[in-house]
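Novice: Given two chains presented individually in distinct reference frames, assemble the corresponding complex, making use of the accompanying hints.
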Amino acid sequence: MAISAYTFFVFYFILAVPLALAFIGGAIIAAVVGVLCESIIYKQMRKRKLTSLAYLIASLGIYIILQNAISLYFGDDAKIINNSEVVVGHQIFGAYITTIQVVTICFSLALFIGVNIFLCFSDTGKSIRAVSSNSALCNIYGISSNRIILIAFAIGSALAGVAGILSAMDTNMTPTFGFNLLLYGVVAMIIGGIGSTRGLLAGSLLVATAQHLAAFYLDTKWMDAVTYIILILFLIWKPLGFSGNRLKKVEV
Amino acid sequence: MKINLSVKNGASVLIIVSFIFLFSGCYVNNKKTHPDHNIDIGVVLSLTGKGATYGINAKNGMLLAVEEINKLPPFNKNNIVLIVEDSNSSASVALNAFNKLIEINHVPVAVGFVLSDEVLTCAPVAEKKKTVLFTTAAGSDKIKDAGDYIFRNRESGDVQAKAIGNFAINKLGYKNFAVIYSNSANGMSYKDAFVKCVNDLGGSVVLFPYNEGNLNYRPIIDKLKKTKVSAVYLAGLDVELGQILKQSKEQNYSPQFLASAGGISTKLLEIAGDASEGLICGSSPFDISTSNQKTKHFIASYYAHYKQNPDFISANSYDAIYILANIYKQGKFTSAQIKNSLYKIKDFDGVGGVTIFDSNGEVTKPISIVRVVSKKYIPYK
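Just so you know, the sequences run in chain order A and B.
The working numbering puts the first residue of the first sequence at 1, with every later residue one more than the last.
The working numbering puts the first residue of the second sequence at 1, with every later residue one more than the last.
Pulled out of the complex, with its shape left as it was, chain B reads as follows (with noise of 0.2 Å):
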């Protein structure tokens, strides 16, 4: 009996020295991990789920950017570091993700969150804990109003919905709408300032919404066909946008279908097909079909890393890194430090078009409206 008490207590002792050795561990490698040479910038992105295809564009534009900066003085002695974590395309993960960045790697500032719900999940974090959050690709218009220490590099899906509201509405003569949109913080921010547009114009709006994720949405459009309506607008992520698109080809359902930015992707293209074509997308200014020298050069170092066109994501992610590396160039390198130099940045000239943060971390960019031509997003002339 005794021996077997002893046993157990070995045990015990034996778990408690193990866990004790273990955050030890962690403790030191978290030191070696850091050297005091490199720069660390935190990068929380969806490389897996409903986002990956924009999480992924994000990554390699940073990357790239990375790639080019830790060549140049100062930083080619002071590597430039992304600590990437995956989100997993899910607001709980990307919290985690966010709060690992700031407890275990201290990082200062932390680029990327291409989904709203993450930003918003994740911004009452960055306001405690005052670490600078950049999103490079989210929508929602709430992110203006998130706090001091958010910014963002594209404009948001407010200006965008309403400019192709504005569109529909003037250039293309169409005066009776659906909108179907995602439940998601996205989705509905599109959803309103599109309703909101459109209401102002003096047109009228039928609104489908969906859940978030959803792969049958055969039941909506046969609802749509009995509304009549000539142009639908789309909110919500590539994956589901593409469904739509394909099967209302397959219910023989053709009207004119715009969309907000997360129409802009490859996976649209693949998985929609055909019946993508003539597909009228918001975007940001970046232009793939540009004659600028610097926009050029990134386009044809994007396609020779990846294969593969970049699109606005990647173009703002690319900024994002640049802007961030000028901060540093600066001697500038604390939260608050790089917070209140973003606040400043008023004539970034970037791949992504010009970076002026007003006073809520926001950018004003002019809208640029694509068509899907042949599989091909090609600015609407």
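Bound-form chain A, shown alone (with noise of 0.2 Å):
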């Protein structure tokens, strides 16, 4: 998320390319380096039937790694890549929501219905599925998972980047500003359930909600708590999400 924030910065601001294509070259980069890990490393570890123990170790590296490189390239200080002027945002309901919000959601939606539409009618899509249930099957029936799992982290990878984009647009960036992001996404992933895009949407109103509610009724430290409090009694009572998929080691 955070690459393709910078990205999109130096896009946007130093490169002065237009907007849209700065948000697509941020999309795009995200995918480069996601398609990068996966070959250099996570392709290689799965050559060597590595535990997931490994595989977690090696993504927590990475991040690491690639968050030391913007910080060493871009400074830890927070960047602003939506210089627009602060207006009060549109009343719905009562509450008030940004335009940056909006497009959001927007975005969120239309991703949404892309991705399930694409893993349902398309033949990439349908191979992303196979392999994710039985990559070895796969493999007997001539589908090659190495390249299926590819474009599948560079549409995860493109994906996340959106998202890294659409959110330091509306709370600006810092280097580490995507990690809380993808620990909640991970968790509305176990919530939903492997494998169910509608069980995730769930999963990320059901974490969104209580994190509200607990900072509105509770206090907003306790946003964070309530969220590990879910998964932990997702995990105890319904360890497949409301998916009821089975999840493998690896996927966790």
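I should point out that these hints are in silico values taken from the structure, not numbers from a laboratory.
Here the structure is a predicted model, which is why all the values come from computation and not from measurement.
Among the clues, some could well be false.
[What the hints assert, rightly or not] Not the full set, but computed from the structure, chain A residues with beta-carbon under 7 Å of chain B:
1) Gly75
2) Ala78
3) Gly89
4) Thr98
We put the CB at the ideal spot given by N, CA and C, even for glycine.
Specialist: Pasting the structure below:
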């Protein structure tokens, strides 16, 4: 997320690339970084049949390296990528919502529908679902699991990139700003259940609603705590999430 | 097999020899970089991270002072050299940097430490190693009890929070306040002092803490709207306070905002934009519109170097280097001598106000109240 946001910052503010192109450029660079991580690190790890713990440590290592690289180049101070005038948000049902939040919701809905259609109706989408279900069987049937995983990484990273740019436009950015959002995403995924985009949507809404109710009725300090309490409750009583699909160790 | 074994042994020996060579190299290098004719002053500053704006301003003030001082005798021959370490706005990194300055650079004094957490973490080491720690910006009230070797040439945040509390009640007529504060040593210190002041004057306060570095304050603003308070005191760092002001305006919430010294920052103005208009902050006596010749010269020189106006942190940091240079001029170079000389300072008239250290290594300076008008901090008349 931070990669795409900082790339957008370079394209839009330093190279003066038009907004839409800078936005697409940020998402593409995020996808490229995702693909490089997959090809250079995760693919090699799969070849060596390493444990899920090794994947977890490797991904944390990649995060720290990338975050430090951003810190070294851009510094750790907050960068502003939305320099429009601060104005009162749009009033909807008594609540105020900013233009960038409206844009974020529209983008999220469009991408959610688009990804669903892609996964359900395109050959590549069906292959992604097949490989996530059983990669060994896919290889036997002639679907290259490595190629499909690479495509999935590219799409996933680009989607995370879009989220990163939109979040940074809303709250500005630092090199570490995407980490909390990523953790909330993982919790929503576990709650929603693996392999179900509708479950994921339900999980996200549950986490976000619980966080804001906690902030309103308790204290903002409880926002994170409530998220992880829900996660623990789900892991104990409904470990397969809303969807009921089995969670593989490697996916955790 | 024997060959493999000897190769392994050879590699081990090579690694050990390399380490010895590197360590001895560090030692020799350390000796080389500190010739006798230079006077080293350690500097630990948040040049990156959440406190970067304050750290960079402090560094600018110090560098300007060094440039001026090194043109004058006796420092034109024995230059003052700043050994600057970046704390990355982290107390643990500041501690590592401070230890490095003591153990490797052997500095008798380290200046800077703009964040209270950094001062409070490094203070026990300063006491143990008998090295002077001189902060030019940290606000926590706990610093006054941090030890004999700890000095600060800005007033405690406690004094500043009380001043703004008094001003808000007696001059502006507010009675009911909300406080949004960071869970850091700095934020807690300001909050405690402000709450005590308001309660003593018969007002009421509701509290809204947040975790340091938070980006989303909308849940707090939603809760604040229900409280119907007309003034909100903010105690935190510039990036956080800028976000609070920005998101408040977006949520159509516009009470009178008051802020701790953390609110005086160009970064805050950049983030909050028009939403910063009318913000009232407690500040050190440094006045950008002063008629004092010395201060005017400092402001002009600072602007010529850095293309921006200085703030009270730049001024205090500039003063700190001049204070130390005066001590060195008297031939006092050890940490004990510097410490004793600092306690004896009774009338240093600097650009950041008059410095007189009390028995806690603290200063008493008059507090000024500033307000943001057209994205500038203007003294509140």
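Novice: If a hint holds in the structure, say so; if it doesn't, say that too.
Specialist: Outcome of the hint check:
At about 5 Å, the closest approach between the beta carbon of Gly75/A and any beta carbon in chain B falls short of 7 Å, and the interface hint on this residue holds. For Ala78/A, the shortest C-beta to C-beta distance to chain B is roughly 4 Å, which falls under 7 Å, so the interface hint holds. The interface hint given for Gly89/A is met, as the beta carbon of that residue sits about 5 Å from the closest beta carbon of chain B, less than 7 Å. At its closest, the beta carbon of Thr98/A sits 5 Å from a beta carbon of chain B; the interface hint therefore holds under the 7 Å criterion.
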